[in-house]
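Q: Start from the sequences and build out the full structure, keeping to the hints where you can.
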Amino acid sequence: MQGLGYLEETVLLLILSMDDEAYGFSVSEAYKKHAGKSISISAIHSVMSRLEKKGLIKSHMGGATAERGGRRKRIFEATAQGKEVITEIKVSRQKLWSLIADLS
Amino acid sequence: MKGSTNQPPRWANKFLIWFVAEDLIEEIQGDLHEAHFHRSQEIGRLQADRLFIADVFRFFKPYAFEKYSRAKQFLPMFNNYFKIAFRNILHRKSFTAINLVGLTFGIATVMLIGFYLQNELTYDQSTPEYDRIHRLHNHYRDQVYTCMQFSKYFDTEGKDQVNLLNWLKGNEEVETACHFVPSNSQIGGGDKYYVETDGEQFLAEKVLYTNTGMDFQTVFPKQFLAGSPESAFTGFDKVTITEKLAKQWFGSDWQTRDILGRNLTIRDENYELAGVIANIPDNVHYEFDWIIHQETIPSWAGYTYFKLKPNALAEPLLARLNQDVNKVYPGYTEDILNKGILSVPLADIHFTNDTLYELKPIANQAYLTTFGIVGLIILLIILTNYTNLSIAMYADRQKELGMRKVMGARSKDISLQLLIEAILLAMFCLPLVVLILYEVIPHFNELMQINIDRNLLFSGSSILILIGVLVLTGILSGLYPALAYGSRSMLGLFGKSKKINLNHRHYNFRNALLTAQFILVIGLLSLTFFIQQQIDFISNKDLGYQKDGIVYFEIDGAEKYKELENALLQLPEIEAVGANGVPGSVMYNQMTYKMKGTDVTLSDGTQQYLTLGTVKALGIKCDACELLEKGKEKIFVLNQTAAEKLAKIKGVEPKDLINETFISEPEWENEEFGYGIHQNIDGIIDDYKFFSLKYPNQSLIVEIVSKPSWAYEMIVRSNTDNWQATMQKIENEYEKIETDRPFDYAFLEDRINDLYLEERRSGTLMKGLSLVALILAMMGLAGIVSYIAYSRQKEIGIRKVLGASVGDILVNFNKQFSYMTLLATIIALPTSIYLASKWLEGFAFQIEPQFWVVLLAGFAALILVVFVVTIQARWAARQHPIDVLKVD
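First to last, the protein sequences are chains P and D.
Numbering-wise (my numbering), the first sequence opens with residue 175 and increments by one.
Numbering-wise (my numbering), the second sequence opens with residue -4 and increments by one.
Treat the hints as calculated values from the structure; they're not laboratory data.
Since the model is a prediction, treat every value here as computed from it, not as a measurement.
For every residue, glycine included, the Cβ atom is placed at its ideal position computed from N, Cα and C.
There could be a bad hint or two in this list.
Derived coverage of chain D by chain P (criterion: at least 3 residues anywhere in the stretch with Cβ under 8 Å from a Cβ of chain P; other residues may be distant) [to be verified]:
hint : stretch
1    : 14 to 24
2    : 28 to 34
3    : 41 to 55
A: As structure tokens, then:
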């Protein structure tokens, strides 16, 4: 199983949550909303390109908008492998959580 | 969105486009623009712009770069560039050859000039901590002496000779001070010795006398190969020799022989051989083969150096010395002719003009600048040629480049490919340049009388510089074609109409470069001619005396002179014998003088003491010399220049000065005359050029005697066809009288020629350089013409079909280049005449640079141009129209 960094995991989850509207700018906005911290677009881009190289997400060119000066978006979605990996992570986390009796 | 005020900063946007890989740009730019759009609504335009710029820079990392995204395609492509480059080089052998030969010779010449300049500009800088070493100069009368006199001149005892050094050492900023006198300096007496050891006798010149050996070693450290500084410089009467002498005297295996501690007998005195040092490097301002360390330096002055402690300054020390000077030289400030003591940093000695008794000829800065400029010019010619030829070579490759573009090459790829080819070709020259320089440097050393070590070529820095120059040449010459072809559109590279356009654009650029070369060539040719003219002029100028058939040599004192004179006059072929006054001298110390009854004192007099024999041998016109024939023992005469100056002051004619009283050194107080030395003027002699023609006529104040009371040189005129036999006879007589000094004669003519040695050398060098420039320019021209001829084949074919003859076509070709030559001549005319007159300023007697010389050079260039153009264009003009027109 491939290891995922915290940022990679978060971005992958965000892409899964966004359903067909995940591209550089929107992911960075979503990240800001969920994590409460801002992140640069370039950081998002490089994380996504890493994920793509690992085969966890795939992309296609989407529609252009006026805000983008007529440039198309690269839309990302999770691959089957990506979904598998993120599920594995979730399962292993839950196993660990089940071992913890009470936090407080 | 176009025209909207809501655009992010343009430059940042452009920058982004520049560095981001093509296949990433759309999404990245889109995201950033979108972010900018939202931000400028939320937080304002200014903030949004700032964040945009920050984001752009955040993308500036490998992930976004082209190289990485395309790395897989890049390397095999690179190999292909090399392959194609080699194929092209082989395919165009003659072009490549012209290009390479031109580049090689040009670069070699430029490197040679570079070596020469480096040699000259780093004089004395091999001495450790040279920036802390200074030499003292004394300003006396109107001249600056490079040596410091001893307090009682020749009569100073050894322990008093070091007074000045002791004063210097007493200052806290001075680390140490030393002085020395090389025998081959003008104050060193030019002694040559027979050195005897173990029954063998060796001839030795160039000895350096010092009585402060340890300090000398501290200021100018020498590497000891045998013995040590302590053994060589503790105690007096010790001799240290250089490795060169050790080999001469004891053989190359001297190290295996026990030579230290040997007794050396020099003029009946005993010395101990105490050390052997490494040879002295060539580019230092002094020269010697061996050192005698003895208590008293046999001279009236010493070359005096001090070394400062780190960070100490020379100026305050000098100020204190000039204040305290009477302690070192009693009565110094009372003599109004003393104008103070100066100091010169060691590294500046080689460039300090107008001093007296300098040890080695100083560098002529005008020459150094000229050579530097000529070097740059040649570099420029190489670059333009190389660029020209590259443009020509690439013009035929448009289809190849077009194909590359079709296959997906971008502008950058094409530019890179062309640049790599240009650099590669330039690098071919590297071994050739090294080889040529290796062969040429010894000859160059001989010509310039310098000693550049040719193994320097293989030093890391030389190779690096050479590679640097070649890569730079490659880049500069490849840049224009690379950019021009790289940016062409695909269709443009295939299309025909565009091709002609392109050529026309290059045409102007190329013509400008070629014209510039012609200007340089014509200018250099003219300058070479002017230099040669001036050298001929001074060689043939009437000097006011006869220089043929005269030899001169040193003689030790009047007694030996008289004896030898009597012996030589017995020989039938000898016409005249005289003592002292050999002309063609370097400048020496001058004196003050005036006429009795006038107030004006002149300070430019050169004193002479010679015999009637010298006047006769030289054939100088001297009316007053009759007095000597009639039995007078000595006469006192002025030359025309001195007489005219004095007569003007007195308001009389020069001839009226005869039998008036002349006062030399009028500031000198004495019992006999009160002030100065009074002498009756017996006559006036014609100006004869005692010094170099670089100087105007000097005032000569001459005493002529029938029998000398002192003599240091002897002059002999012979009428003989067999010089060898005559000289043998003279030598035989000499050796009967003189046993301590070897017979060493020279011809007066050689001595006079030697006065202009530097000018002759420069003349030779200039000839070489203009030849190189000429060859380079003609090769460049040949290349261009053959390219033009090739690309105009069809046009020529059509012209022939329409009735033009071979001659018409050749005229057509020649016209353009002839106009260029003409234009070049017009521009070269004022420039070269101006430069020539600058150079001629160094001579008091000079030619007038004539404009026809430049016209002649232009004409010569024109003939060559026509010749080269005709030869190169001939094949194109002779082609059968059918052969050329049938192609596509």
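Q: Against each hint, give a clear statement of whether it holds in the structure.
A: Now the hints, each set against the structure:
| no. | hint | result |
| --- | --- | --- |
| 1 | 14 to 24 | holds (count 4) |
| 2 | 28 to 34 | holds (count 5) |
| 3 | 41 to 55 | holds (count 4) |
Consistency note: the structure conflicts with none of the earlier hints.
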